[in-house]
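Trainee: Chain order of the listed sequences is A and B. The first sequence runs 1488 to 1661 under this note's numbering. The second sequence runs 30 to 236 under this note's numbering.
Heads up, a few of these hints could be off.
Said to hold, decoys possible - Simulated crosslink set (DSS-like; lysine-lysine; CA at most 25 Å straight-line): (1) A:K1552 - B:K63; (2) A:K1531 - B:K63; (3) A:K1542 - A:K1552; (4) B:K109 - A:K1558.
As the list claims (entries may be wrong) - Reference excerpt, derived from the structure (chain A facing chain B, CB under 7 Å, subset only): (5) S1498; (6) V1527; (7) I1534; (8) L1540; (9) Q1541; (10) K1542; (11) V1557; (12) V1634; (13) I1638; (14) S1640.
For the record, the hints were derived by calculation from the structure and aren't laboratory data. These figures come from a predicted structure and were not determined experimentally. We put the CB at the ideal spot given by N, CA and C, even for glycine.
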Amino acid sequence: MNRYEFENLISDYLDGSIPFKKRTEFEDYMKDDPKAESLVRNIKATISEMNNLQKVNVADNFNEKLLSRVKNEGIDGGPDNTILGFTPFYASILSCLCVAFFVVTSQLINVSQDPSIEAKTNQYTAELEQDTPSYSKNVDLEKKLIVDSNIDSLQDKKEKEKPNNSNKIKFVNY
Amino acid sequence: MMNQTSSISSIMPLDKTGNNYVYSDEQLMARFQKGDENAYIELVNRYRDRLLNFIYNYIGDFEISEDIVQDTMVKLYQKKHYYREIAKFSTWLYTIAKNLANTEFRKKKQRKITLLSRISRDDKPYDIPADQPDTDQEIQSDITNKIIRKAIDELPEKFKTVILLRDVQELSYEEISSIIEVPIGTVKSRINRARLQLQVELKHLRT
């Protein structure tokens, strides 16, 4: 047992809650170190002195003062003035927030159920549907242009790959 | 509000019989919650001095300590409906007192007032005449008390609370754990360290 372990076990030893094996080790440590034994003895003495610290008592008129205070200050012993456990201040804030939440929610629900909005939505959808062919035409045109340009480039390439006979000697069979 | 007291006191024997109380604290509290003011007075009588000693050793000022005990008892009256029997009544009341004492202790710390500042180590009873055997022991005891109180006062707040609750108020580790809201292991460790630190403070007393 080292000093640190010994110091940690002092209270357990004095309380009598130290395990038997540790107790033996603890007592052996005290036998070997007179300062350790003196420390335990002093702690024990201090505890005893603290138990016997001079007691103080309340003044004779303590109860009288207390009861008059309870009576005069109108202290209500009943449950506190709370609403669902909240003080009136917090309860009012909470209720305002709840009202605001319901107002916003109901507004959102009304908006989604508004017939004019629905009509506008339908109109917009119809317009989109009408726009779709022209859009597809454009797409087709674009595709065509791409294909044409590809064909052109391919033809150019073929032409380039064609042997240029202009500078070559032509053999003519007669 | 207090008009029930006289009528009930004639019916209920709330005082001690021998060493035991007729009603436990929790039973009295249950009665008080039902409106029995006499039970409140009995609880006040049981705890006023115990709390005063705890707070006095914590704060070091008698008048302030008595005021705190008053405040604790007023809170007991006001908050009686918050008490549930799952907790020990003494633990609940000590928690209220400790919180009030902590608030006062912090105020006091700010003001840097120390009641026992005049007691220095040089003020040991050496100047007391030796030819007064009847009072000598009392004076010695008084000085020892003051030195111990000063040593306790110099402990860090967390050590001070546990040492007072354990070694002065003699509460169990479980009760202390509930009052200061820390695990029992921490309570034990703090008590041990507080005791060791006290020995350093009280070294001069033992030599």
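Trainee: Now tell me, hint by hint, if it's right for this structure.
Mentor: Checked hints:
For the hint linking K1552 (chain A) to K63 (chain B), the alpha-carbon distance of about 24 Å falls within 25 Å, and the restraint holds. Restraint check for K1531 (chain A) and K63 (chain B): the C-alpha separation of about 45 Å exceeds 25 Å, so the hint is violated. Our distance criterion of 25 Å between C-alpha atoms is met by K1542 (chain A) and K1552 (chain A), whose separation comes to about 21 Å. Between K109 (chain B) and K1558 (chain A) the CA atoms are separated by roughly 16 Å; this keeps the pair inside 25 Å, and the hint holds.
With a cut of 7 Å, the hint placing S1498 (chain A) at the interface with chain B holds, because the nearest CB-to-CB distance is about 4 Å. Violation of the interface hint for V1527 (chain A) is found here, the shortest Cβ-Cβ separation to chain B being roughly 10 Å, above the 7 Å cut-off. The criterion of a C-beta within 7 Å of any C-beta in chain B is met by I1534 (chain A), whose closest approach is roughly 5 Å, and the hint holds. Satisfaction of the interface hint for L1540 (chain A) is found here, the shortest Cβ-Cβ separation to chain B being roughly 6 Å, below the 7 Å cut-off.
Interface restraint check for Q1541 (chain A): the shortest CB-CB distance to chain B comes to about 5 Å, inside 7 Å, so the restraint holds. A hinted interface residue such as K1542 (chain A) counts as satisfied when its beta carbon comes closer than 7 Å to some beta carbon of chain B; here the least separation is about 6 Å, so the hint holds. Nearest Cβ of chain B to the Cβ of V1557 (chain A): about 6 Å, under the 7 Å cut. The hint holds. The beta carbon of V1634 (chain A) is not positioned within 7 Å of any beta carbon in chain B (closest approach about 80 Å), and the interface hint is therefore violated.
Hint status for I1638 (chain A): violated, given a least beta-carbon distance of 85 Å to chain B, over 7 Å. At about 82 Å, the closest approach between the beta carbon of S1640 (chain A) and any beta carbon in chain B exceeds 7 Å, and the interface hint on this residue is violated.
Hint violations for this structure: numbers 2, 6, 12, 13, 14, all remaining hints satisfied.
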